[in-house]
Each structure stands twice: as C-alpha cells, then as structure tokens.
Amino acid sequence: MHLSFASQIINLLAAILLLLSFAMLTQRRILSLINLFALQGFTLTLSTLVVAWSTGQHHLYYSAALTFALKVLVLPWVLHRLIRKLNVKWDVETLINIPTTMLVGIVLVILAFNVALPISQLAGTITKSTLGIALACVLLAFLTMITRSKAVPQVIGFLAMENGLFFAATSATYGMPMVVEFGIALDVMVGMVILGVFFFQIRERFDSLDIRHLEKLKEE
Amino acid sequence: MISWSGLVAQLTEILLAVLLAPVLQGWVNQCRAWMQNKSGPGILQPYRTLRKLFAKEAVLAHNASPLFRATPYVLFACMVLAAAIVPILGTDLPFSPAADAIALVGIFALARVFISLAAMDIGTAFGSLGARREMMVGFLAEPALLMSLFTASLISHSTSLATIVQHLTQAHFVIYPSLAFAGVAFTMVSLAENARIPVDNPSTHLELTMIHEAMVLEYSGRHLALIELSAALKLFVYSCIGIALFFPFGIAEGGDALGLVLALPALVAKLAVGGFAMALIEMLSAKMRIFRAPEYLGTAFLLAVLAMLIHFLLET
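Those protein sequence lines, which keep their order, are chains E and C. The first sequence lines up with residues 1 to 220 when you count with the working numbering. The second sequence lines up with residues 1 to 316 when you count with the working numbering.
None of these hints come from the bench; they were simulated from the model. Every residue, glycine too, gets a C-beta built ideally from N, C-alpha and C.
Where chain E lies over chain C, by a calculated footprint (3+ residues, C-beta under 8 Å):
#, segment
1, 175-182
2, 292-298
3, 302-311
Non-contacting residues of chain E with respect to chain C, defined by C-beta distances greater than 12 Å in every case (computed):
#, residue
4, S54
5, V72
6, F158
7, R205
Here are a few chain E residues that sit away from chain C, every Cβ distance over 12 Å (derived from the structure):
#, residue
8, N35
9, L49
10, Y62
11, R81
12, L82
13, L122
14, L165
15, V197
16, F206
17, K216
Go ahead and model the full structure; you've got the sequences and the hints to work with.
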C-alpha cells in the first residue's frame with residue numbers, strides 16, 4: 001500500500017475516533033463522558049482540517065471552525081453547566097456488563113466495515129476507506145444510547161452520533177454544502193437546548209433522571 | 001544449516017538476555033523508588049538478591065512431589081527458549097525457525113501451567129488461591145496477546161518474529177494505526193502478564209491481593225532464585241517483543257557484526273526508556289480489584305481486535 005502522508009494521518013485520526021467511540025461506550029462517569037465527547041469533536045476538527053488542506057476544499061475550513069466552536073467549546077460547556085445545575089456531576093451509572101457491551105460493539109464494527117466496503121470502493125475520494133469507521137462510530141453511538149438509562153448520557157450518545165455522521169460526510173464526499181452544515185449545527189444546538197429543558201422537567205416530575213420512569217404512562 | 005556466526009550471535013543474545021534481565025528489573029524498581037522520593041536500592045539489587053538466594057539452602061515441604069522440584073528449572077528453560085526466538089539484537093537467529101509468535105505464546109502458557117501446578121502441589125491455601133488467579137489472568141490475557149501479535153504478522157505476512165522485524169525495519173516510513181492500537185493492547189497485556197500494578201503488585205505480600213507472590217511462597221534457596229530470575233527474564237522478553245514489534249529501528253538485519261554492536265546501545269536506550277515508562281504507569285495507576293481484571297483485559301482484547309479490523313479496512 002502506498003498512501004499519501006495526508007491520508008495516512010486521516011486514517012490515524014479515523015482510528016482514534018473509533019477508539020473514542022468505544023471509550024464512550026464503556027465510560028461510567030458522566031463527567032468523563034463529556035470530556036471524551038469534546039475530545040472526539042477535537043479529533044473531528046483535526047481530520048476535517050487535514051482533508052481541507054490536502055484537497056484544497058476551502059469550505060471545509062469553515063466547517064472545521066464550526067465543528068471546533070460547537071463541539072469542542074459550546075456543547076461541552078453547556079453540558080458541564082447542565083450537570084452542575086442538575087447536580088449529577090459525580091453520577092456513576094451502572095452499566096450492563098462492560099465486556100459484553102464491548103463484544104457487541106466489535107460485532108457492530110465488523111458489520112459496519114462489511115457494509116461500507118463495497119460503497120467506499122465506488123468513491124473516488126482520498127478518504128474513502130474511512131467511511132466504514134464513520135458508519136461504525138454512528139452505530140456505536142447508537143449502542144451507547146441504547147445501553148444507558150439516564151437522560152444526560154443518552155443525549156451525549158445522540159451528539160456523538162452526529163459526530164459520526166459528520167465524519168461520514170467528510171470522508172465520503174468532502175463535506176456537505178455549507179447551508180446544510182449550518183442547518184445541522186443549528187439543529188444540534190436547538191436540540192441541546194430543548195433537551196436541557198426536558199432534563200429539568202423530567203427531574204421535577206420524577207425526582208430522578210432515569211428515563212425508565214417514562215415508561216409508565218398511568219396517572220397515579 | 002546453521003552458520004557459525006549465526007550460532008555465536010544466538011548464544012550472545014541468550015547470554016545477554018540472562019545478564020540484562022535482572023538489571024532491567026532493578027532499573028524499573030529504581031525508577032519507581034525515585035518517583036516515590038526514595039533513594040532506592042540501586043539497579044544491581046536483583047543480582048545481590050540472586051546471589052544471596054543461590055547461596056542459601058533450599059527447603060522443601062515433606063509432601064512436595066518431583067513436579068515441585070522440577071518447576072523452577074522448567075520455568076527457567078521456557079524463558080531462555082523464549083529469549084532465544086525473540087530478535088533482541090539481530091534478526092539472523094538460527095533458533096527462530098523453531099518457534100513462531102504463536103509457539104512463543106505457547107511457551108509462556110507452558111510456564112504458567114507449571115508454576116500454577118507447583119503452587120497447588122503443596123496444598124497450602126495461598127498457593128491454590130494464587131494459581132487460580134494466575135490462570136484467570138492468563139486465560140484472559142492470552143487472546144489479547146495473540147491478537148496483537150497477529151496484527152503485526154498480518155502486516156508482514158508471517159508469524160515468525162524474525163521475519164516480522166525484518167519486514168518492519170526494511171519498509172519505508174508508514175503510519176500504521178493498527179500497529180499503534182496493537183502496541184497499546186500489548187502494553188496492557190504485558191503489565192498483566194508480568195504481575196505489574198494494575199493487576200498485581202510485585203512488591204506486596206498482602207494475602208488478599210497477591211497473585212504471583214502467592215504462588216512462589218513455598219519456594220526457597222536456589223529454586224526461588226531461579227524463579228526470580230525467570231520472572232525477570234519474562235519481563236525482559238516481553239519488553240524485547242514490544243520493542244521488536246513496535247519500535248524495531250536499530251535492530252540489526254542479518255548477522256553483520258557491526259550492526260549487532262550498534263544494536264546493543266540502541267537496545268539499552270530503548271529498554272531504559274521502556275522501564276521508566278513502566279515505572280511511570282505503575283506510579284500513576286492504582287491496583288484494581290481482581291474482579292476488575294476481566295474488564296481491563298477485555299479492553300486490551302478489544303483494542304487488539306480493533307487493530308486487526310482497522311488493518312483490514314485501512315491498510316490493505
């Protein structure tokens with residue numbers, strides 16, 4: 001194999017992104033989860049910058065800046081504030097059997113790689129082989145959402161899923177049009193605000209952020 | 001056909017491994033002492049311990065079977081054999097076709113089985129407790145170790161360690177994300193296998209926590225000396241495998257004398273850095289509960305499997 005240096009760097013960053021997804025899947029503490037999310041955003045920014053630099057696509061610089069501002073600075077800050085206000089900063093969540101979750105995660109990664117392989121062979125971009133990793137990140141974030149029972153980690157899982165989607169967009173097609181990107185950024189932002197309000201409502205109603213309480217729909 | 005120069009290089013390597021192994025252990029202990037603001041016993045302390053133990057009389061329990069007597073020798077032989085097939089200085093090793101990476105893991109497993117059997121042989125509670133824990137750690141660590149070795153062998157299309165190292169040193173500079181993952185997994189496994197801090201504490205005799213020390217409690221004199229030397233050799237061999245697979249720069253290709261001479265300072269420098277890093281890891285982490293070990297080794301296995309998958313996706 002003879003890849004250019006830039007695509008080797010992108011591959012390395014993609015691998016780190018996948019690793020961070022696994023770390024988020026198995027992290028018990030909410031605080032570390034937020035830090036991991038910020039780190040994932042930072043890796044995403046770096047990979048977008050490398051893609052922008054190596055392909056000369058100028059709009060990717062803007063989207064890298066947007067990613068940095070939103071996913072490394074604003075969202076982690078909002079989340080930090082939120083968990084401080086909700087007083088769940090040191091919450092430790094009991095997860096179902098971490099080794100099992102990891103094995104399920106590995107199966108998901110194999111699945112994602114197999115699905116993405118024929119698609120990425122059609123693509124002509126230098127980052128085509130990272131499509132499988134992007135898909136795997138999305139699936140792992142999905143699994144993170146499924147295995148959590150508290151509201152805040154679920155939202156972080158949702159945001160991580162958006163990270164994976166964004167990475168898929170950069171790797172497959174060198175990013176989406178600017179309008180779409182702004183739209184998604186705004187969506188994520190607004191979603192975060194609405195969910196933040198929901199957190200307080202859920203806690204006020206049930207005295208806990210455990211969303212299993214939401215399964216009971218009866219009036220008491 | 002074994003050439004004379006190859007044989008000489010091979011014997012030099014084995015001798016070097018046996019001589020340097022206690023020094024490496026002493027260096028790790030010394031670094032740890034420095035980080036704890038202690039003056040430390042000096043890097044030659046393991047030699048002094050060995051001399052003391054070899055001079056002492058070996059005491060055996062009445063009900064000790066021949067297996068108990070044979071185990072220290074089997075253990076030492078296993079570790080010497082492992083040292084013989086790992087490319088420490090050069091890749092021209094006449095012994096290396098005898099065993100590849102998979103057989104190497106097998107040799108370590110053989111040593112583990114023997115020491116566990118010997119620990120249970122006397123019938124003390126501590127011995128069997130340590131043996132059970134060792135087997136648990138072993139069966140979790142082995143798949144992760146194999147997977148990380150497989151990643152390196154996938155890159156070079158061979159399971160022979162000498163060929164892997166040759167391939168990695170010859171290729172021009174390429175970033176292998178898979179190799180980085182495998183390297184982290186290998187580090188985690190080697191900490192567990194060498195009874196180092198996240199899994200076991202080598203400097204404690206507290207019965208609730210010890211694994212390796214619990215198994216060798218009944219040994220004394222020259223038997224204990226051989227076991228201590230084997231433990232040091234195991235650490236040395238693991239460090240050398242790590243160096244050979246993940247930092248192979250400086251290992252001599254083939255058997256030229258100059259390359260071998262130049263490889264020695266490179267090896268010593270890399271071992272010094274590696275030993276310091278190991279002491280640092282040990283200082284920064286706390287020993288975990290024994291029931292957390294599956295999680296820790298599961299993570300190592302996950303990393304190794306990810307390394308393989310990433311190799312297939314990104315590097316083929």
